[in-house]
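A.B. asks: Got chain A; can you put chain B on it based on the hints?
The listed protein sequences derive, respectively, from chains A and B. Quick note on our numbering: the first sequence kicks off at 1 and runs consecutively. Quick note on our numbering: the second sequence kicks off at 1 and runs consecutively.
Derived BS3-like pairs (lysine-lysine); straight-line CA-CA distance at most 30 Å:
id, chain 1, residue 1, chain 2, residue 2
1, A, K90, A, K14
2, B, K76, A, K83
3, A, K150, A, K123
4, A, K188, B, K60
Calculated directly from the structure, the hints in this document are not laboratory data.
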Amino acid sequence: MGSSIGSIDGPSAKVDGATDEALMGQLSAGSHEAFDELVARYQSQVLTFCYAFMRNREAAEDVTQEAFLRVFRNSKRYQPVAKFTTWLYKIAANLCINELKKGKLRQNLSLDEPAGEDPEGTKIIERVASGNSSPLTEAERHEAQHLIGKAIDHLPDDQRTTLILVEYHHMQYQEIAEVLGVTVSAIKMRVKRARETLRETLKILQVHV
Amino acid sequence: MSETNSGAIVKEISCEQCRELLSDYVDREISESERAAVERHLSSCTKCVTESARLNGLKKIVQQWDGVQGSGEFRKSVVEKMIRETQQVPADQFKKVVLASGAEEMGPDPEEGAKTLPPAWILLVAIFLAVVAYLGIMHFRGGL
Numbered sequence: 001m002g003s004s005i006g007s008i009d010g011p012s013a014k015v016d017g018a019t020d021e022a023l024m025g026q027l028s029a030g031s032h033e034a035f036d037e038l039v040a041r042y043q044s045q046v047l048t049f050c051y052a053f054m055r056n057r058e059a060a061e062d063v064t065q066e067a068f069l070r071v072f073r074n075s076k077r078y079q080p081v082a083k084f085t086t087w088l089y090k091i092a093a094n095l096c097i098n099e100l101k102k103g104k105l106r107q108n109l110s111l112d113e114p115a116g117e118d119p120e121g122t123k124i125i126e127r128v129a130s131g132n133s134s135p136l137t138e139a140e141r142h143e144a145q146h147l148i149g150k151a152i153d154h155l156p157d158d159q160r161t162t163l164i165l166v167e168y169h170h171m172q173y174q175e176i177a178e179v180l181g182v183t184v185s186a187i188k189m190r191v192k193r194a195r196e197t198l199r200e201t202l203k204i205l206q207v208h209v
Numbered sequence: 001m002s003e004t005n006s007g008a009i010v011k012e013i014s015c016e017q018c019r020e021l022l023s024d025y026v027d028r029e030i031s032e033s034e035r036a037a038v039e040r041h042l043s044s045c046t047k048c049v050t051e052s053a054r055l056n057g058l059k060k061i062v063q064q065w066d067g068v069q070g071s072g073e074f075r076k077s078v079v080e081k082m083i084r085e086t087q088q089v090p091a092d093q094f095k096k097v098v099l100a101s102g103a104e105e106m107g108p109d110p111e112e113g114a115k116t117l118p119p120a121w122i123l124l125v126a127i128f129l130a131v132v133a134y135l136g137i138m139h140f141r142g143g144l
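If we strip away everything but chain A, and leave its shape as in the complex, we get (with noise of 0.2 Å):
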């Protein structure tokens, strides 16, 4: 990380190896290179949790590219007492909420695939598990990442926007439970509740874990 896109101007700043917090003092002195950073190290992130909460793709591009640019707008009145990715994925989190208050993006999804249908599939699921198996190959890599996606999509909204922090944001729960508005209790049990859920919706994909 750390590149700057050349076509950018903008007063000049070093951008490498910056905390977060010393980017946005400099994006809030009008550093386009800050900003550039910061969407560079967090894009994928923000992206992947607006996905969890809408689980449409363009609809996440929408309310991420929304959420980058409120942080900029937001940026002279940013006060760095919290860190601020949890700043950055509650902004998001509220967009994301708003969004689906619309209520234009619910997708009805079926978990149509019949038992026995990708039995290599299964398997790989059931090695990552084990945690005791060979690197896995790339085509073994799209199989399992199909078969994961479509597990943590059928989970309720709450509980996958939550166990998607917990295990792809390694965040701790008092830091959801912030981003979310919610008491920790609350987050505990979601996540407690999403496992049991993955764990029956892997079944009926024939991978029991």
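C.D. replies: Below, chain B alone, put in the same frame as chain A:
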């Protein structure tokens, strides 16, 4: 209750209590005393050890997911929108300052033209009256 080598008291828990805590345990979101109680139980319960291994397996599965990847194009598009906004903001601020100062009357704004007409008419009427008065005086003096 039982005592460890370090002298700390470790609570004994049932399988049901252990499983209630296992999800928090595998995420390391548990207090020291609860962790000690879970580990004590796991040291003597193969069923709960299996359950703990299953939860770790589920963690590995979700962590294997790639998520949604961003791209250079997406990043470029976001940064370009930000730059467009930075170029718009000073123009808006400039307009506000100009309007607040009343300096718009200095410019050739066609919509403001109508507002400058009444003073011009008053001036023309004043000049006309002055000329009439001058001619009247001259006529009066000539008549004497």
